[in-house]
Each structure stands twice: as structure tokens, then as C-alpha cells.
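Peer 1: As a plain string of letters, each chain reads:
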Amino acid sequence: MSILILADHDNASLKPATVHAVTAATKLGGDVHLLVAGSNASPAAEQAATLAGVAKVLLADDAAYEHALAEPVAALLVSLAAGYSHVLAAATSVGKNVLPRVAALLDVAMISEITAVVAADSFERPIYAGNAIATVQSADPVKVITVRTTAFEAAPATGSAPVESIAAAADPALSGFVSAELSKSERPELTSARIVISGGRGMQSGDNFHLLEAIADKLGAAVGASRAAVDAGFVPNDYQVGQTGKIVAPDLYVAVGISGAIQHLAGMKDSKVIVAINKDEEAPIFQVADYGLVADLFKALPELQQAL
Amino acid sequence: MKILCAVKRVVDYNVKIRVKTDQSGVETSNVKFSMNPFDEIAVEEAVRLKEAGTATEIVVVSVGPAQAQETLRTALAMGADRAILVQTDVTTEPLAVAKVLKALVEKEAPGLVILGKQAIDDDCNQTGQMLAALLGWGQGTFASKVAPAGDAVAVTREIDGGLEVVSLKLPAVVTADLRLNEPRYASLPNIMKAKKKPLETVTPDSLGVDVTPRLKTVKVAEPAKRQAGIKVPDVATLVDKLKTEARVI
Chain A
1 MSILILADHD
11 NASLKPATVH
21 AVTAATKLGG
31 DVHLLVAGSN
41 ASPAAEQAAT
51 LAGVAKVLLA
61 DDAAYEHALA
71 EPVAALLVSL
81 AAGYSHVLAA
91 ATSVGKNVLP
101 RVAALLDVAM
111 ISEITAVVAA
121 DSFERPIYAG
131 NAIATVQSAD
141 PVKVITVRTT
151 AFEAAPATGS
161 APVESIAAAA
171 DPALSGFVSA
181 ELSKSERPEL
191 TSARIVISGG
201 RGMQSGDNFH
211 LLEAIADKLG
221 AAVGASRAAV
231 DAGFVPNDYQ
241 VGQTGKIVAP
251 DLYVAVGISG
261 AIQHLAGMKD
271 SKVIVAINKD
281 EEAPIFQVAD
291 YGLVADLFKA
301 LPELQQAL
Chain B
1 MKILCAVKRV
11 VDYNVKIRVK
21 TDQSGVETSN
31 VKFSMNPFDE
41 IAVEEAVRLK
51 EAGTATEIVV
61 VSVGPAQAQE
71 TLRTALAMGA
81 DRAILVQTDV
91 TTEPLAVAKV
101 LKALVEKEAP
111 GLVILGKQAI
121 DDDCNQTGQM
131 LAALLGWGQG
141 TFASKVAPAG
151 DAVAVTREID
161 GGLEVVSLKL
171 PAVVTADLRL
181 NEPRYASLPN
191 IMKAKKKPLE
201 TVTPDSLGVD
211 VTPRLKTVKV
221 AEPAKRQAGI
231 KVPDVATLVD
241 KLKTEARVI
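Just so you know, the protein sequences line up as chains A and B, in that order.
Residue 294 in my numbering sits at position 294 of the first sequence, with consecutive numbering throughout.
Residue 213 in my numbering sits at position 213 of the second sequence, with consecutive numbering throughout.
Treat the hints with caution; some may be incorrect.
What the hints assert, rightly or not - Sample of chain A residues with no beta-carbon within 10 angstroms of chain B, all distances over it, derived: (1) M1; (2) S39; (3) A154; (4) A157; (5) A167.
As the list claims (entries may be wrong) - Partial selection, computed: residues in chain B whose CB lies under 8 angstroms from chain A: (6) V90; (7) D121; (8) G138; (9) P198; (10) K219.
Unchecked claim - Capping the alpha-carbon separation at 27 angstroms, the derived lysine-lysine pairs in DSSO-like fashion look like this: (11) B:K197 x A:K218; (12) B:K193 x A:K27; (13) B:K32 x B:K16; (14) B:K20 x B:K219; (15) B:K20 x B:K225; (16) B:K102 x B:K197; (17) A:K272 x B:K231; (18) B:K107 x B:K193; (19) B:K169 x B:K145; (20) B:K107 x A:K279; (21) B:K195 x B:K50; (22) A:K272 x B:K225; (23) B:K225 x A:K279; (24) B:K16 x B:K231; (25) B:K243 x A:K272; (26) A:K272 x B:K241; (27) B:K197 x A:K272; (28) B:K231 x A:K299; (29) A:K27 x B:K216; (30) B:K231 x A:K218; (31) B:K16 x B:K219; (32) B:K32 x B:K216; (33) B:K197 x A:K299; (34) A:K279 x B:K16; (35) B:K197 x B:K32; (36) B:K193 x B:K2; (37) B:K241 x A:K299; (38) A:K272 x B:K16; (39) A:K279 x B:K241; (40) A:K279 x B:K231.
Please keep in mind that the hints were generated in silico from the structure rather than gathered at the bench.
Glycine residues also receive a C-beta, built at the ideal position from the N, C-alpha and C atoms.
If we strip away everything but chain A, and leave its shape as in the complex, we get (with noise of 0.2 angstroms):
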């Protein structure tokens, strides 16, 4: 049994989700190998060799893996699949966009977002916005996997694996990278951020985020959304947590104006503490909150700004 995992990073270093994808592929028993494809991308490698339970780090250096194109990467992966039993990947947006392309071209079946590895043909995974969660197993002779990454621990970086280069494989030449609007911020990351604070359509406009900011600061915590937020110009798409937007599962989430519909708790119900502020009793998202404060936001936020 060997595993492949496809890291998710920008060349500098490998984001987060790659490092939990780990453990994940841990679980299942076999070599772990991580395929690293970008473009000057060794210091990513190099984090890559230090991750426990990986054996060996693939380097594809070339400029066609520059910014992760779904069809030169999922042909690279589909040309080292052969010798693999599994093929893993976190459910990022990388992950979800090449992953399944590379399970229909190896003619399998494709297991998103697992959250357990009950066996190495057997995995969970959520349906329904995570209300129902399913066991499925596969008897596919490799099995195409995304991960999802809040359900599993960081794998340390204890180890020191070797790092092979690879060649290219043949681009299919089917797109092209045109540009890209990054949000840039000091703040964690929000899929892994320990403190996550999130604005719904409560907070009434963009600025007033600056209210959940000055918090944020205080503690260390990174700024998400609701999709009503984000659909009203409040914020940028990244922000959104969500059914499908951002899976997070911090510490403690802090949903503030948020109504807490169905599609919002399936970003976030699995956060060890759910705070709600909202001003409307019955509102839903106080029936998953651990500790609910109905008040209105624009007096309970400078007030808990003061207090922490």
C-alpha cells in the first residue's frame, strides 16, 4: 500500500490543509509520498521532508505547475499513479478543482471531503451540508481522495525524508493563467486560525467589520463570513465559511449578526466553542451555540473589545 498526497502551497511553504492531509494518509497504513508540482518550488519541499510519516518528497519544477492549472497537474499525477493504492489531497480549492479530474482519467470513482478513515477502503464523509454523515467504501483499485482537513491533527515536523526531483509531464495546454486578487492580511489563516470571529448581515456594511478587526487583533483570531455578508459586498469571497466556502473548526468561533442557517453551521459546527451574538432571540444559530448573548452587536462589540 503507498499513498500519494498532492500539497497544496504557493513554492515558499506548504499551506496548512497539506500538513493536517498528512495524517490523514497516515492513518492509512503504507509509504506516504508527497508530490510537491510548482514552480521554484524547493523551499516547499523542503518543508514537505520535515513532515513525520512522509517517506519520500516528489519536486515537479516546472513553469506550467506555476499557479496549480488543474489539467498539466492532474496529467502529472495520473503519469505517477501507477505503483499507488491511494491518492489523497486536502479539500482546498486546488485539491477540489484537480483531484477529481484525475479520478476520471484513471477511470475511479473519487471519495470528497473524508473526515475518518475507518478502514483502506472504507472512509466518512458528509452529505447534506454535514447534517448526515456517510460510510463508503470503495473497491476501486485506487482510491481518489480529498480530505477534509478540520477532521485531522497537524502531522509534526519531526521527520527528514529525501526529495527527489521528477520530470514534467507533457502539458495538455487547455488554459492559461491570466491574474489573480490574493487577499493579503497579518491575521491566521482562516481555515486554521485556533480563534476564528465572522460577520453576518448584521454588521450592515464592509466598514463596520473593523469592529470584528480591533477583536480579532486582541486575540489573535482570524475574520470570516457569512455567504450573506460576502453576496453583499461586505467582504471578499474568501472570507466566506460555509457548505461551500470555508471549513473551519477553531477553538472557539464567534458568529456575530449571523442568523446561522443551515448552509453557514455546515462551515462551522464542529468549532469546540460556538459563541453567537445576534440580536434576534430566535435567531437558529443560538440553538448550536455553547454561550449566546442576544444584544445588539454595535454595543456588544466595543464592549467586548474593552474587556478582552
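Please arrange chain B on chain A, whose structure you already have, making use of the hints.
Peer 2: Leaving out everything else, chain B in the frame of chain A:
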């Protein structure tokens, strides 16, 4: 350019689903079904492209039971021209659906295929990517903007860090994300007109596709329940509880 859209009939997004007590699945009898929300967005985008003169014909497909005809009629009412129901009672998986769609793409020769990015029942987020792979086409997933121009299409994608724009050779597969557009409600006159639009029913067999699932669902269980929480009277109490009881700050 012809556009092909695929739509799925799913449990309505507002329904609070219940897991069957025998853990064999989710309770779906006497429950409201609707078009998958992301697929509505896909159809809307196709209709807008037709209204802009970029597309000439919209063919909408569904792989599902006989009742999926209603879902197709909704798409026709939104502005699609022709519908195809690939009828099966099997609970299909993305790989099988992608194979069915490939067979139809080979017959219909569209310039663009637009699907919803994921179905809100199985939450797989695979079909569009798989179809693109089987066709050897490029894929623009999680699209918040689709701009065809000449023999290429620029797709703005919502990714973890923000937005990125990729350019794909046409023909290509695009999967629709939440903010691509706001779908229209079909007007009553359009609903009536839709009844006369062509809706053809075929079987997976007639397309040479075996839709037998690859995965076995061993069981479906409820997720772990959270303990009921409490209401706190003020911020001071909240902070105190978070520090001394929950110990998270």
C-alpha cells in the same frame, strides 16, 4: 455556440433532512425537491449568454428519475430551448453522470458546458471536473464570472485566497459558483411556453453508459450532537465564561 447545461433534482436547500433510523440513508419521501441551487445559476448564465447573442441554443440535461422532468421544465421556463432526461432510478455518482454527459456532448457538440459546482445532497463537487477530463477539455471551476471571447473563455474563479482568472480554450467545461449570477424566477407565461418545448427521454443504456455506482454506502448516520448551550446576560459574563469555563481565551 450551443451551450449544454446539466441540472440535478435534489432535496430542497431549506429542508432539515432526517437520517433514517435503520441508517440506510436519508429520509426523502414527502420531502420537497428542487433544482440544485448551483445548477439554477448555471442555467441562468447560459440564458444570459443567449440573451447577449453569444449562445444560439441551450440544451439542458438531467440524469435522474422520471420526476426530474419537472426540474427540466423549470430550466426550460428559465429560457433553455430543449431538454433531455436520461432516466434512471439509480442514485448516480459523478463519474457515471460525467460519462452520460460525455456521450451527449459527443452528439450535441456544444461550445461550452456549464454545470453547478456541487450538488447540495451528496456535496461531491466532482462532475464538471470529471466531464472535462473525459472530454480532454479545460475546466473553469467555481466560476464567479464567465467571459467567452473568440475561441477562448476567461473564467474568474473563487479560490481559497481570493479570485483568479484563467483562460480556457473552447470548448470547455465551467462550473458555477454562488456569485456567478442571481437566477431569475420563471414567469408564468414562460412556464406555460416551457410545456411546449421539446423534452426527450432516453436511458443510460441507449448512450452506452453503465451507471452502476462504484462506491458502496455502508451506512448513513447522524453527526455527533452538540450539547445544548446557555444564554449569557452580558459581555462581562461571556468573557468570564470563555476564560474560566471554556478556557479558550
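Peer 1: Quick check: which numbered hints come out false for this structure?
Peer 2: 6, 9, 11, 12, 20, 27, 33
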